[in-house]
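K.L.:
Chains F and U are the protein sequences, given in the same order.
For the first sequence, our numbering gives the first residue as 1, with consecutive numbering after it.
For the second sequence, our numbering gives the first residue as 264, with consecutive numbering after it.
Worth flagging that the hints you see were computed from the coordinates, not collected in a lab.
Cβ atoms here follow ideal geometry from the backbone N, Cα and C, with glycine treated the same way.
Where hints are given, some of them may not hold.
Unchecked claim - Heads up, simulated DMTMM-like pairs for lysine to aspartate or glutamate below, C-alpha to C-alpha not over 20 Å straight-line: (1) F:K135 / F:D147; (2) U:K423 / U:E441; (3) U:K621 / U:D341; (4) F:K4 / F:D147; (5) U:K614 / U:E671; (6) F:K26 / F:E71; (7) F:K117 / U:E657; (8) U:K658 / F:E82; (9) U:K658 / F:E97; (10) U:K591 / U:D312; (11) F:K33 / F:E71; (12) U:K658 / F:E77.
Said to hold, decoys possible - Residues on chain U that point at chain F, a partial pick, calculated with CB under 8 Å: (13) Y272; (14) E453; (15) G455.
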Amino acid sequence: MIDKNSRTILSVQGLHARINGTEILKGIDLTVKSGEIHAIMGLNGSGKSTFAKVLAGHSAYEITGGSVQFEDNNLLELPPEERARAGLFLAFQYPIEIPGVANTQFLRLAYNTVQTKRGKEELDPLEFDDFVREKMKLLEMNPDFLDRSVNEGFSGGEKKRNEILQMALLEPTLSILDETDSGLDIDALKTVANGVNQIANKDNATILVTHYQRLLDYIVPDFVHVMQAGRIVMTGGKELALELETRGYDWVNANKSVTGVIA
Amino acid sequence: MSDLASTDYLGCLLKSWPIKSTESLSWLNQLRAQAIDRISTQKLPTRRDEEWRFTDISPLVHLPYQPSQPECNLHAHDIEHLTLKEAKNRLVFVDGHYSSNLSTIIDATALVIGNLPEFVATHASTLESHLGQHVQFENNVFAALNTAFLRDSALIIVPKNIAIAEPIHLLFIATQNEVTSYPRCLVIGEAGSNLTLIEDYVALQQATYITNSVTEISLAANAQAKHIRIQRESMQAFHLANCAVSLAHASNYQSISISLGSQISRYNLNVRLTDEAAECVVDGLTLISDRQLADTHTCIDHIKPNGTSRQLHKCIVDDAAHAVFNGKIIVHPHAQQTNSSQSSRNLLLSKMAQVDTKPQLEIFADDVKCAHGATVGQLDQEEIFYLESRGLSEKAARNLLTYAFGAEIISRIPVTSLRQQLEQAVLNQTQSN
């Protein structure tokens with residue numbers, strides 16, 4: 001939702017990053033305000049997942065230029081855990097399996113760590129159990145998933161629901177969803193989208209990183225950005241995603257200089 | 264170590280043991296005599312032996328420890344912290360000698376449980392056909408020594424179609440310094456029976472001693488057994504153990520062995536699937552630090568068709584410790600439709616830590632499914648990042664992942680109080696501050 005009185009949550013300017021000496025991000029500019037949903041689209045290798053990981057603080061990437069302001073924080077100076085505690089959340093494309101640790105144990109640890117750092121009360125296991133079960137209803141998750149090891153043996157759809165569950169628990173100001181739609185059937189996609197829509201409000205913001213337009217039928221973005229070779233080459237409204245779907249990414253190449261940035 | 268030293272060592276050990284002639288038990292004396300015969304033709308293994316390539320036990324030769332004497336001064340309250348509330352039946356052996364005072368047997372009608380000598384008269388034919396018949400001591404000097412010195416032994420016979428709901432705790436407590444003890448177990452599951460067994464090696468103080476144990480488990484058709492083995496000896500101890508398991512038709516054996524203690528330990532587990540459709544699960548966790556050496560050798564022997572085996576062995580190695588895993592899987596020519604998988608996963612927590620892992624598949628049948636894999640490494644950077652992105656510090660992330668690595672095995676133990684004890688042990692050893 002675009003609102004004139006909104007505040008800026010994220011401001012990225014001229015961001016450059018490389019991994020193992022190869023430059024992947026070559027000057028990204030992006031402003032995200034409260035209440036907004038942004039979609040970043042692009043082909044494999046365009047740098048969109050790298051952008052998501054760089055924002056979350058993945059140590060494999062070296063920042064070689066630019067700045068990122070996240071609310072009152074110089075984001076690039078913070079280690080990943082501080083970014084999470086400050087309210088940034090990344091839903092992983094490939095969530096990690098942790099055999100030997102019960103999901104509920106992990107969720108409570110993450111929740112309490114973040115709560116404590118935000119100066120709030122921790123929940124004991126019983127209180128947390130009530131709280132998490134309420135949130136699970138939002139995602140139509142079976143409570144059995146609490147006792148199973150983190151993501152172990154979960155289907156693709158279950159892993160993604162578990163990511164959105166963590167997002168619901170940690171109440172981030174900025175959520176970045178990296179290819180959350182990949183590997184989901186249509187029912188799972190609707191459930192996950194429904195969860196994201198319920199979490200989104202006028203005080204937080206969401207960035208959806210996706211290859212396909214399909215997800216945007218269910219989570220309607222205010223802005224669509226197209227990434228190519230490490231840059232955002234085109235920005236438009238929700239209709240841009242449909243345009244891409246019918247015309248393909250080649251069309252972007254022919255029109256990027258004409259259309260330019262229209263946001 | 265020179266051959267001479269080795270021979271002297273074994274000779275010295277043998278001289279020390281007055282073999283009592285127990286008149287009517289000619290078969291038992293014969294068994295001991297056979298074992299002594301075998302010892303006189305063997306030497307202590309050295310690193311020149313393929314089976315001992317990674318494990319140097321030459322320090323042992325300097326320690327010709329005499330057999331422990333039965334001198335138990337323990338009272339129930341001394342071992343209270345070692346008992347498990349789920350286990351109603353408990354056999355306690357102190358330095359290898361049975362202690363009836365410390366043992367609790369509440370179920371003597373449903374099954375045979377107690378110290379072997381109490382049953383040699385009444386169960387002679389059963390014992391004769393099992394005792395020393397599963398473990399191979401012909402080429403195994405430690406199993407031969409144990410058999411030569413055989414006297415007390417845990418004995419459990421679960422009768423046909425009887426399921427024992429509560430776990431049975433076999434508690435082997437080391438108390439004496441500079442002795443060798445020879446614990447022994449014989450477990451017989453008759454057809455269709457079901458049993459959960461906890462074989463637990465503990466020390467009451469940080470003494471230096473040798474434990475040389477032999478366990479034999481025989482499961483008849485459709486019998487099931489869960490076997491949880493915990494080695495938490497003194498950090499100065501030497502632990503040399505042989506376990507032989509024989510599985511009949513459609514029987515099911517599940518083993519979880521945890522190695523925590525001893526300066527040098529070696530566990531040989533041999534599982535023979537002697538008839539069709541037998542199944543086994545063999546899981547293990549080695550968690551060592553300082554200069555400990557822990558060697559696990561397993562052999563899963565598929566002799567007949569349609570057998571299943573699954574194995575997950577994990578090692579967490581810190582400081583300058585050294586873990587060895589050798590997992591042999593044999594599939595005989597007639598053992599078609601065998602389904603076998605083995606995974607060896609190892610986590611090194613320091614630059615000096617060392618792991619030698621060796622999967623060894625010997626497959627002589629052509630219609631089988633056998634998978635194996637081994638990994639050695641440090642914690643995965645992606646896993647750490649995942650936890651950091653949820654607000655955990657790098658240290659908290661590393662601690663959690665290290666704990667989880669061990670907890671995956673521990674979580675399979677079906678006895679809650681034991682599982683909690685071991686989770687705490689893993690926590691204590693994996694959490695840096």
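K.L.:
Against this structure, judge whether each hint is valid.
P.N.:
Results for each hint:
1. F:K135 / F:D147: The hint holds at about 16 Å.
2. U:K423 / U:E441: Violated: K423 of chain U and E441 of chain U sit about 42 Å apart, past 20 Å.
3. U:K621 / U:D341: Outside the cut-off at roughly 41 Å; violated.
4. F:K4 / F:D147: Distance of about 45 Å is beyond 20 Å: violated.
5. U:K614 / U:E671: Violated, because 24 Å separates the two Cα atoms, which is more than 20 Å.
6. F:K26 / F:E71: violated, 23 Å
7. F:K117 / U:E657: With Cα atoms ~15 Å apart, K117 of chain F and E657 of chain U stay inside 20 Å; holds.
8. U:K658 / F:E82: holds, 13 Å
9. U:K658 / F:E97: Measuring from Cα to Cα gives roughly 19 Å; hence the hint holds.
10. U:K591 / U:D312: holds, 16 Å
11. F:K33 / F:E71: holds, 10 Å
12. U:K658 / F:E77: Within the cut-off at roughly 19 Å; holds.
13. Y272: Not OK, violated: Y272 of chain U not within 8 Å of chain F, min 42 Å.
14. E453: At 35 Å from the nearest chain F Cβ, E453 of chain U fails the 8 Å test, so the hint is violated.
15. G455: The hint is violated - G455 of chain U has no Cβ within 8 Å of chain F, the shortest such distance being about 31 Å.
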